[in-house]
Structure formats: structure tokens, C-alpha cells
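Student: Guided by the hints, dock chain B onto chain A, whose structure is given.
Residue numbers (my numbering), protein chains in the order written: chain A, 31 to 320; chain B, 137 to 561.
These are computed hints drawn from the structure, not numbers from a lab. Misleading hints may appear alongside valid ones.
25 Å max Cα-Cα, derived SDA-like pairs, lysine to any residue [stated by the list, open to error]:
id, chain 1, residue 1, chain 2, residue 2
1, B, K395, A, P173
2, B, K558, A, F66
3, B, K217, B, A186
4, B, K287, B, N416
5, B, K376, A, A180
6, B, K376, B, D359
7, B, K395, A, Q164
8, B, K208, A, R73
Owing to the predicted nature of the structure, the values given are computational and were not obtained by experimental measurement.
One-letter residues, chain by chain:
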Amino acid sequence: MKRLNFPLSVILLVVPCAVLAAFTHYPAVKSLINSFWSMGTRRRPSQFIGLENYQTLLADGTLHQIIWNSTLYAIVTIPAAIALSIGMALLVNAKLPGTALMRLSFFLPTMMPMIAVANIWLFFYAPGIGLISQIFVLFGLQPINFLGSASTSLWSMMAVAVWKEAGLFMIFYLAALQAVPPNLKEAARIEGAGPIRIFFDIVLPLLKPTTVFVAVNALINSFRLIDHVIVMTKGGPNNSSALLLYYIFEVTFGYRDSAYGSTLTVFMVLLLGLMALIQFKILDRKTHYQ
Amino acid sequence: MKYTKTILASAATLFLTPGLALSAELEFFFPVGVNAPAVETIQELTDAWAANNPQHNVKAVYAGNYVETTTKALTAANAGKPPHVAVLLAIDIFTLVDEDVVIPITDVANTAEDQAWLDGFMPGFMRDATLDGEIYGVPFQRSTPVLYYNKDAFREAGLDPDTPPATWDEMIEMGKKLTKKDANGNVTQWGTRIPTLGLGGAWLYGGLVISNGGQLSADNGIDVAIDTPEALGALEFLQKLSAEGVMAPGGISWGDTPKAFVEGNAASIWTSTGNLAFVNDNAEFDWGVGFLPGGKGPGAPVGGGNFYIFKGTSPEEQAAALDFIKFMTAPENAAKWSIATGYVAPRADTWETPVMQEYAARLPQALVARDQIEFANREFATYQRGRVTQFLVEALEAAVGGEADAATALAEAQKSADRVLKAYK
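Bound-form chain B, shown alone:
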């Protein structure tokens, strides 16, 4: 309710300030990265904002997946017609700043009240929204991976269904009990499944490293720490899971993972909170969610997208864009978005709304993700993110595929990343 007042107040300010254009025609680019009715919800929310602000208008443009949306926004900006506001990957902050197409949010959100609003976001989600001391992103569709586990399988193996593994050692120990084989020696149920292929694999690997006391990339987007004992320990743990027979050998794909879980092929999996709805709809067994088991303590990466305000638009339009973002992240609206999609609402006040409390009572698994944010850190991201992340992906794939030794693969990735990022130092 507080925000509705803020919105009204800022609308009134706009209205009463002489010499300002009274209306703005906003263009809003958004991607869809989940298997959920996201487009409808976004449209509903943007319509509601436009209805509250008859002097403004907003055109919500569904622009494909994250990569496509970033490409479209950058192309439009370079052609001199940037969108006013867009939801893009949090980790694309370096690209957007390097391309000089976004403004620090504090350029428009510059009152004490605005500051209080920004302070209301969970710190775990603000770290990757900030670069060189400036806040560029406003957290919106954020996610984090969690451990999903099959409580029925835990019971069958004689394990406590309310105590999922919390450490790597427990993962192996419990995993051995959870792994089942048929008469031919083929595994019918793996103890666990952590995707290791592609960008999803790299995302989860980042979580392993965080829980082992490391961090693959620095906040400046230039320094990477891939060739460290913490990172090596994390990669060796992945190899050990397979060597101990707890996890399938070789590369494991991200996409098949939720399906492997609901079909009983894996007794526990690591995947995004974005799959809560899918698992809830398809699992025919009792299941639970826990923190990612950690090396030295809990740890996880965050992911997902933030709002950005683009350069090259008028101050009135930027003010309207900020107002729009405040509306979208206001408790009731963020709750609606979170429930429709499974994204983790990034503000504490959203979790206090009655709808959200009702949702948490119905699906208590959603609370685990929120509580894990405290232990989460940023996802691997640098300048020239696409190219540099590929080095990390290749190292992981080579090591889990047995084509390269873990230490050599990581050293190689570190060298390649440093070579590309040298230009930014």
C-alpha cells in the first residue's frame, strides 16, 4: 500500500511540475525464461500500471529468451531507439555498461525515499545489480538453485525424510543408500543428479565453489578465480560423486533433470526454483526441498533478471520508467509474479503479503529458496561474459567427461579468461 502512495505522490509531482511533459510512452522489453504463463502475467501487470497512470502508456514487448532480448535491446539502442526499460540478465550488467546503454538507477531514484526503497531488496540480489559502486539493476525475476529430494525414496532407504543432506560428505553417504540397481547391474535410481553440462552446469558449479569458500568471479567483472583450491575441490567433488557411483558418469544435461527426478531416475536433484511448479505438478511422490549441500557451509549462486533503465531517453520518460519498476516490484505485484512463475521474490515485504503467505503455506518448499539467499553469492560473470563463461563450461565438460584432469582444465580456463580480460584491466 505504501508504494501505491509513492506512485500517486510521484505521479502528482510530475503532474504539478510545470514545464515537464506530462505523459510518457514507455517501451518495455521482457524475456521469458521459464515454462510458465509469464507473458499473460506481465501483460496484466503492465495494463494495471497504465490504468493507474492514465497520463502514461506502456508497450510490453515480449522479445524471446534472455539472449534474444538483450540482442534486441542493444540493437535498438545502437539504432538510437532504445527501449525505456527492459528485464535482462543480472550478469549482463558488464555488457550493458560496456555498451554504455543503461543509466545508474540512482540517477533517477535519488530521493531518501527512493534509497529506502532500494534498501528493501535482499542484499544477496543487490550484489550483482551493482558495478563500480553504482546500482544499475533492480531485482525482479530472480532465482536460485535448491536441492529437490524424494522423501519416499529417503524413507525406503531408511533415511530421515525431513533431514536432507547438508554437506558433501552426507551427499555421498546418503547417495550410496539411495542408489538402486537392477538384476543386470544397471542403475535404476541414482542417489543424486547435479547437471554439469552447458551454462546450467556452470551456474551450479559456481554454487559448489561458493559453498567451498571460493568465488569464481570478482565484482569488478575483470578478475576471475577459476584456478583456486576452492574451485578445484568443487570440481573434484563432482568427479567423486560419479566415481563413488552416486551420480551418473559423464556429462549431465540441465534440461532432463526435473524429468529424471519426477520419473524416479534420481532420488535428489539440483535445479532452479523455477522448476518448483513443474515438480509440484508432476511428482507422484512425497518430495521436499533443501539448501544445496555445501563443502564448508551452505552456499548457492543467484540467477535471473533485473530491470534496467536505458540511456538516450528523456528525464520524464526515465522518471516514468522508475515509477513503472516500483509498481512491478511492489509487494502485491511481485507476489503475483512470483507465484505465477516460481521466481524468488527479492523483497522481504513481498513475502509478508497475505497472498504470499498463503502460497508459502501451500508450497512450503518455496520458503527454502528465500532463506538460502542469505548464503548466496553472485553468478559467474565478467566483461565479454559469453566468451569467458564458455572457457569455464569447456573446463567443466572436459573434466566430468574424463577428457582432462580437473586441475589442468581449470588452469587452462583461467589462462584463457585472463587473456580476454587483460584488455579491461
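Isolated chain A, as found in the complex:
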């Protein structure tokens, strides 16, 4: 192998490092530093206040509700998206007529920007005039105020997220399904296993590496994707559909309190790091990589 000349190798090393430092490390360190300072304006400069922001964080009732919302959102959307995407993958993997059209329609929501998806769902959900309302009325049911009621707004957000995400995960599962060796299924069938037994004992274990990958991605997305919250409810009513990242966005840019926004960011980074660690530890141990 030819060796790179020294100046070129330095350039190739320095450029990515500089980009990484400028856009990842510096903001992370800066957030940590900002979290020890108070909110400042030119007339009232920011002051060093130590851990006061963290005390505020612990006593912040809104944050407590939002952590609960985010937890519920993750607990529901991740398994739902995984189950739905496996189902869709099995469906399009089966040699049925119209498979290409089915794949396309399952994947379409993933290709659309979240903002567009949210606007479509706004129309679905609108009470009285929206699509779902009209279907309800057709069957003589009471229309539901999906986004305007604290008891349904978060669930409505979850449905949008699952609908949007499952298509992407389906692609991964489809690839994994096609990689399942047919001889294993063949052997099981000869041994007298039915299709359900084959799925749970042969296919599902072989999908495990994909599930780990998908679960990690779904978890990250459940914290990262908040466009639909911004478009559809702005976290309301009464914070019932606010998620952690939305709250950080709102505090930093809506309230212009970058100090408390930084504190929340530090909290979220720690939380995500911890969860990634746990997830890999637990799932890795039980996963059979080929």
C-alpha cells in the first residue's frame, strides 16, 4: 500500500477533527459551562450561580411532567413501531400480488418531511372538520378533540410518530428477512413446525441484531424528532404533549433563557448516554450476531 505524504495526512486529520470540535465538542462544553451561569441580557448580565440552575431543574414541575410524557412516548412508540414494521416487512416479503405498490406505500411516510406529515395529520385530527371526525360522525360516534384535549394529545403525537417511522424500520427488517437462510425454515418445516412456531423460534431470533439497531434508532428518534409537536400542538394543551427536546427548544428560543436551556441539554445528554449504555449492555448480551 502506498503511504500518504505527510502534509496531506495532516490535512485529512485536521479538517474532520476541527469540524468535530467546532460543531460537537465546543457546543457540548459550552453548554456545560453555560449551565452554571444565570440567564443574561445586556442590561442584566449573566452571573455565575453554580448549581442553581440544577436546583431549578429538580424543582421544575413542568419538567417532571415532560419527563413522564417523554418516557411514555418512548415506551409506547418504540415497541409499536417495531411490531408494525415487522408486520409490514412480513407482508411485503410474502410473495403476494401488488408487493411493489405495498412497499412504496409503506415507505412513503418515511420519505416525507416531518413538517409535511404533521400538517397532513393536523387535517386528519381537526375536530368537526377533519377526516377522522367525519368518519366518526358517519358511524354516529362523537367526534374526539384529539389535539385539544390533554388526555389525547400525546397519544395523537405517538400515532404520527409510529406512522412516520415504521416504514423506515420495515426496510431494515425486510433486508434481514431476506437474509434468513431458507434451509433453516425448510428444516423446521420438515420437523413439523407450523408457520407461527417458525416465526417465533427461527425468524425472530435471527432478526435480533436488526431489532437492536432499530430499537436504538427508535429511542434516539423518540427524543430527537419534535417537528410534529412544534407544528401540531406546541406542547399543549397545558404541556400534555410536550417532549424533552421541545421543552429545551422552547426554553432556549421561546423564553430566550440559554442558561436553563443548557442545563436541560446537559441533563438530556446524560440521560441519552445512560440509556444507550444500558440498551447495548442488555441487548448485546442476548443477541446472536451472524
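Tutor: Relative to chain A, chain B alone:
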């Protein structure tokens, strides 16, 4: 025409004053908050100013919605490169002054003639442009909510289509007649629809309180009066509308409201004058506009954006910025802007222009908004506006959603607001 002369005169002054830089390169940040060809109109107007003033140049920067534009302007100012002039929310005056990035307009508009120009703006729009006796904002894209009502539905219910409800009691009384149900008992047409969710909901709620003789926030941006009998009465009225079956129960979104009106789901709605064009284009029935029905009399909030001149720029640039603002608010130009967007022109002289009169003849609904300004008051605004307003939003959402009792929710919001604003007293 008078202003063209002023512009020429001030340009001439600049030109003739020795030792001054003759040209300014202005940067102008503006947001778009309406569903209208706003960017094109702004560009057209700025080009016209630049053509009239060849010694100057102006770069109009579309900077997103209001929040994004304020963020960009503040970031630029803190980086030492402020825009010279920007259109930002009137209620952001406290933030801009707290950040010390804007100058009082009278620092540059200091002649008797300038004073006469400032006096030409409707007082209803000047109140929230002023802080601690100094004028910081020049009204430009201003709005106010009005009552839109379906005249055909009024006729069908046996009501006079030319007499919309004027009081809260009439709203309930007429609303009952306007509400229609299908065989299953589902409402197909609500009597009225007042958005109660989010910032739009808080804006309209402010109007209810004003008409009930209250005012949620003081001019100093520090004192709030959320926990008052007037405010409680307004919130209980919102609850009563639902309890009486005149308005849909639970939270009502701002965004769906014009659509609910044109689709016949609501026989009357409260929304901004900014939706006049949308309703005019989409309503397939006879519709009218009226003052917001009031508790003790007419009352409404104002909203929208003002021009601000930024600190940290040279006196010549600030003078050019003032000249630019005068041009943009001059009758012919303000008329063009108002007609293109639906904003309420904030000066009486704009309404006297032939184009505006022609527009008012074509769309008489636009006049109602102008006439309502006399009864309007400022929108809820304080220092740390984003955070404090959220307390109000939460209280409203909790009360209309039935999660909290109105009095408790308002008392809670008052307490939280006072806690944040204590630092400014």
C-alpha cells in the same frame, strides 16, 4: 405626497450637510406572519425606496417567522453587526430594551415635523410601541381580532344578518339559535368558535378581559393582573360558552378556526383581520364582520409588528433608517401593504388614499377592524415575555380543558408571573 416631500427634504439635508457620509447601506430584517404574498410586496417597497434614494441602498432580509427574526436580529446585534432596521413583534419591546439593542425613535426623529408624523399613528397602536415614556416602535404590520359571522346562517336561524352579537349575553342567546345538531345528537354547526389554545388563545382572552374592564399586563412590563375579577369573568365566560352548548367543549385550536368557519362548522368565529383575505376567497356564503362582543363594552387586543431602529449603527445610517421607515409607512405604501396582507393600516391618512377607499368599498369588512382600534388595548406582554405568557397559556388551557378550576388556574399563573417578574421591580 407630503411624505415624499419630507423624504426629499431630508435627503437634501443629508446631501447638503458637509462632513456626513452621503450614503448608507441598510440591512432590514423582516418576518412573515401571514399567508399572503408579503415577501414580494416588501421587496417591491424596499426597491422603490432605494430607487428614490440612489445614494442609499437597502438589503431586505426575510428572516422567517417573528420568533426567528427576533432571534436573528438579537444574535446579529450581540455579534456586533446589528441590522439597521427590523420589523419585530410589538410585544417584544421589553426584550429588545432589556437587551439594549434598540434606540428610542425620537433619538433620530427629533424635529417638530417628525413629532407630527409620530402623532399621525392611531393611539391604539402607539401604546405598546412606548416604554417608560420613550417611543421605540413605529407601527407597521398591525392586526386586531374581529368577529366573523355567517350571514346565511343568521338568516336561517331567524336572526338579523346585519346585527351581529355585541355582548356576551347576546353571543350565548344567538349562539343557541345558531347551533345545529344531526339525528345522532352530534353538532354540525356550532354557534361560535373562540380559539382557546396556545398564544392565539391567550391573545383573544386578553380581548375578553379588556372588554370586561380589565387589562392583563401593565405598560411597564412588570405588573400583571391575571388574578382579577375581570379576568376571572372572562375565563368563566369561555367556560360558559361550552357549558351552554354554544361552543365546542375543550381546547380550540387557532389554526383550524378560519377553515371551520368557511366549511360551515362554526356560524361565527373570532380570529385576526389577517384572515380576511382567506375567508373572502373561500367562504361560499354571505359573511360579515363585527366588533368582538364585549362583557361591559367593546374591547379587543392589538397585535402584530413594529419597526425598530437598532443601536450600534452610525447616526447617518440611523437617519437613513428613519427615512426608510417613513417611506414604508407613507400613505400610498402602507395602503399597498395593508391590501396585500390584510394588516390594519395604522395611520388615518392611509385610509384616506383612493386605493384604500376603493379597497374598503370592495371589502367593507376591513373597516370594522379600523373602527375597533379605538376600543383596543395592548396585548399581554412583559419582560421575559415567552416564559410569563406560557403561565397564562397553561392557565387557560387547564381551565377550558376542565383540568383546573378557573380561579385556581389564574391565581397560579399570577403567582408564577410575579415570581419571574420580581427581579424587574
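Student: Are the hints correct? Go through all of them and say.
Tutor: Structure-based check of each hint:
no. : hint            : in the structure
1   : B:K395 x A:P173 : 17 Å, holds
2   : B:K558 x A:F66  : 21 Å, holds
3   : B:K217 x B:A186 : 21 Å, holds
4   : B:K287 x B:N416 : 13 Å, holds
5   : B:K376 x A:A180 : 20 Å, holds
6   : B:K376 x B:D359 : 28 Å, violated
7   : B:K395 x A:Q164 : 15 Å, holds
8   : B:K208 x A:R73  : 19 Å, holds
In summary, the one numbered hint that this structure violates is 6.
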